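> Residues per chain are reported as follows:
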Amino acid sequence: MSGHSSYTPRTGIERWLDARLPIIRLGHDAAVSYPVPRNLNYFWTFGGILMFMLVAQIVTGIVLAMHYTPMSSVAFSSVEHIMRDVNYGWLMRYLHANGASMFFIAVYIHIFRGLYYGSYKAPREVLWILGVVIFLLMMATAFMGYVLPWGQMSFWGATVITNLFSALPLIGETIVTFLWGGYSVDNPTLNRFFSLHYLLPFMIFGVVILHVWALHHVGQNNPTGVEVKNVAKDTVPFTPYATIKDLFAMVCFIFVFSWFVFYMPNFMGHADNYIPANPAVTPLHIVPEWYFLPFYAILRAVPDKLGGVLAMGGAIVVLAFLPWIDSSKVRSMTYRPIARQFFWMFVVVCIGLGWLGAKPAEGGYVIASQILTTLYFGFFVALFVIGLFERPKALPTSIADSVLGAMKGGSGARLATATAAEPNAKG
Amino acid sequence: MAQTTHTTTHGATPPEGTRRDFLMLATGAAGVVGLGAVVVPLVSQLAPDAQTVAAGAPIDFDLTPVAEGQGVKLVWRGQIIFVRHRTKKEIDEARAVNVASLRDPQADQARVKQGHEQYLVLYGKCTHLGCIPSGTAAGEPKGEFDGWYCPCHGSHYDSSGRIRKGPAPLNLGLPPYAFTSDTKIRIG
Numbered sequence: 002m003s004g005h006s007s008y009t010p011r012t013g014i015e016r017w018l019d020a021r022l023p024i025i026r027l028g029h030d031a032a033v034s035y036p037v038p039r040n041l042n043y044f045w046t047f048g049g050i051l052m053f054m055l056v057a058q059i060v061t062g063i064v065l066a067m068h069y070t071p072m073s074s075v076a077f078s079s080v081e082h083i084m085r086d087v088n089y090g091w092l093m094r095y096l097h098a099n100g101a102s103m104f105f106i107a108v109y110i111h112i113f114r115g116l117y118y119g120s121y122k123a124p125r126e127v128l129w130i131l132g133v134v135i136f137l138l139m140m141a142t143a144f145m146g147y148v149l150p151w152g153q154m155s156f157w158g159a160t161v162i163t164n165l166f167s168a169l170p171l172i173g174e175t176i177v178t179f180l181w182g183g184y185s186v187d188n189p190t191l192n193r194f195f196s197l198h199y200l201l202p203f204m205i206f207g208v209v210i211l212h213v214w215a216l217h218h219v220g221q222n223n224p225t226g227v228e229v230k231n232v233a234k235d236t237v238p239f240t241p242y243a244t245i246k247d248l249f250a251m252v253c254f255i256f257v258f259s260w261f262v263f264y265m266p267n268f269m270g271h272a273d274n275y276i277p278a279n280p281a282v283t284p285l286h287i288v289p290e291w292y293f294l295p296f297y298a299i300l301r302a303v304p305d306k307l308g309g310v311l312a313m314g315g316a317i318v319v320l321a322f323l324p325w326i327d328s329s330k331v332r333s334m335t336y337r338p339i340a341r342q343f344f345w346m347f348v349v350v351c352i353g354l355g356w357l358g359a360k361p362a363e364g365g366y367v368i369a370s371q372i373l374t375t376l377y378f379g380f381f382v383a384l385f386v387i388g389l390f391e392r393p394k395a396l397p398t399s400i401a402d403s404v405l406g407a408m409k410g411g412s413g414a415r416l417a418t419a420t421a422a423e424p425n426a427k428g
Numbered sequence: 292m293a294q295t296t297h298t299t300t301h302g303a304t305p306p307e308g309t310r311r312d313f314l315m316l317a318t319g320a321a322g323v324v325g326l327g328a329v330v331v332p333l334v335s336q337l338a339p340d341a342q343t344v345a346a347g348a349p350i351d352f353d354l355t356p357v358a359e360g361q362g363v364k365l366v367w368r369g370q371i372i373f374v375r376h377r378t379k380k381e382i383d384e385a386r387a388v389n390v391a392s393l394r395d396p397q398a399d400q401a402r403v404k405q406g407h408e409q410y411l412v413l414y415g416k417c418t419h420l421g422c423i424p425s426g427t428a429a430g431e432p433k434g435e436f437d438g439w440y441c442p443c444h445g446s447h448y449d450s451s452g453r454i455r456k457g458p459a460p461l462n463l464g465l466p467p468y469a470f471t472s473d474t475k476i477r478i479g
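From first to last, the protein sequence lines are chains A and B. The letter at position 175 of the first sequence is residue 176 when you use this note's numbering, and the numbering goes up by one with no holes. The letter at position 135 of the second sequence is residue 426 when you use this note's numbering, and the numbering goes up by one with no holes.
Honestly, the hints are just simulated from the structure, not real lab data. It is possible that part of the hints are untrue.
Facing chain A, from chain B, some residues (calculated, C-beta under 10 Å) [to be verified]: (1) Pro339; (2) Thr343; (3) Ala346; (4) Arg368; (5) Ile371; (6) Ser425; (7) Pro432; (8) His444.
Because the structure is a prediction, the values reported are computed rather than measured. Cβ atoms here follow ideal geometry from the backbone N, Cα and C, with glycine treated the same way.
Isolated chain B, as found in the complex:
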């Protein structure tokens, strides 16, 4: 049988691929598509499900009760959000820094909303490995730069939430938010 096939293919010497070649390619292609059709759902099921995504709707927060020098922690999408009402000293400190010397250079002005410089709204998640830095509530260690200190691996953030010292590579993230009135914000 094998011998016969051998001689026929040689004897005929078809200019293009044989029927067999075509069938091999077509079967192979169908196999790859089939494999993909199995792998995609298997991987996709790991992603956040519809319920988790739906739970991430925007939230409103009234800033009036947050006095100067105070901070609060909110929860949005299962993540902690820091809101701090900064003192004059903290704002000045954040603005006195030479931006170019920072690990993740960003001016304080770019991290707050124009006209609301005293309010700093941040993701409360260390950019190193995701611990919650201390420094929001009264009495918590604020680190060496009057901002936040991550107890897990010793990252220090300044009063603008920028990384100043320690292993974290980036500044504390800024969640999407907007002022809906002078004293109210909507996160999300």
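Chain A extracted, bound-state conformation:
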């Protein structure tokens, strides 16, 4: 959908700059005249929300790094120092800690949106894979960030997760020693995790730029999954339509974010992390942060070390292959009566795995995790099989038709004015 630029420099300075560094043109084409399908629903606002969260995490993180000390003997107390002594330190830390959770809430909605509407299908495979890469980088960043306060959960979470690599045959133990910089999780580990925790968000930012570039090259998917056929009829310009809608959704999201920050800032944390790290005592019940729980449940469901690690990794990596696993040509689940039911079952399975991940690894919980793990992977098999025989419902001929079909009476006139209001809407 990247067509001709509709930017016309108005002043002399703009013309001068445009001939030398067309940066205003870039911004105009990407965020003003860029055509978005007119039928996008609010699930499409999470990309913008995620962008906001990334920037918010970087800003609060940079501030926290000014007051935090990455040394095992004082790391815990430096976090308390931020909480008690630094002006608004409590706010910065609660924003950052809850921000991580909100970031994951938004990214999970964003991923499930992509799953439901088939946003991974051609020509959006690279866009989707870049998203999986961002998700992996986010997980690494969040994990290392959780280690920094150097509480009990930080320490033992770091021990368990780094030990995952020891499952690899032959080189496993060496890799773990090199991750630790010692014979156990200790000061060298904390130091390097701090360094990497500072680096990775900027790598995420880099991949996000590629993600947005790929998006703007192929154009957005939409709830019907039907490609844009006529830019004038099927799309509206990004500004003001998407800009305002994204901003409104962002404000609503910030309400929820603020509710957690100001009224229940420790709700998504774990009380044990307010106990300083003690290498001699493992907490009786180790749980990772909530956003890792489904994967943690998969890890524990397999009664074999290497098998468990591979299943957990596979649960994430399989997403990257989705464009080639799903055999159906129809994108949107709205028009796929069978696959849609499997999608909602998959959502329930993921939530169920998350619940089981927080339970102790014994008895019925293990059996339930094993059943749900099978169902998790079964969903991907089902997507392949269903596509072979499923008879999809009739697709609308175009985005404009689907919108007009849903409207009543004289709404066609409204559609026309929306296009006419923005003379730049040429795409």
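The hints should help you fit chain B onto chain A, whose structure is shown.
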């Protein structure tokens, strides 16, 4: 220029590689060596540093205060070491098992020092993902086999520290140690 080179190489048809080929290979080889010289230090700095290695000197421990049925936890090289003074029952249980049926087959005799069968010295680190199994101190859950139980992912170890149930692949590790007298050990 390009045209000239083209004709000369063709016209001359040298039997071996040209000077240019040699220079390409030599430059490439130098580049690879240079890259290696940069990568090695960058990776090597991740390994345990001299201070960490030096802190791993051997430690001595006197077993006399550890009564029968008791266990203690020591720290060596930042890792937990379990020392347990086993009861007769625990030793018998460990020896009654059919070794071939174990996940990581090892006889109890091979896991203790001859003549000191009552003392079991182990790394206190679950071979699954590195948590500290419970069962050393009094009152801690010992799992289903009178040994240790890892609370993280539910591995059960027997009274010889061998894996019996759960996701861990191996028995609890044996640190290097020796009896310096009847009641004293040196770890490391």
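> For each hint, tell me whether it holds in the structure or not.
Here is what the structure says about each hint:
{"no.": "1", "hint": "Pro339", "result": "holds (5 Å)"}
{"no.": "2", "hint": "Thr343", "result": "holds (5 Å)"}
{"no.": "3", "hint": "Ala346", "result": "holds (9 Å)"}
{"no.": "4", "hint": "Arg368", "result": "holds (4 Å)"}
{"no.": "5", "hint": "Ile371", "result": "holds (6 Å)"}
{"no.": "6", "hint": "Ser425", "result": "holds (7 Å)"}
{"no.": "7", "hint": "Pro432", "result": "holds (9 Å)"}
{"no.": "8", "hint": "His444", "result": "holds (5 Å)"}
Hint compliance for this structure: no hint is broken.
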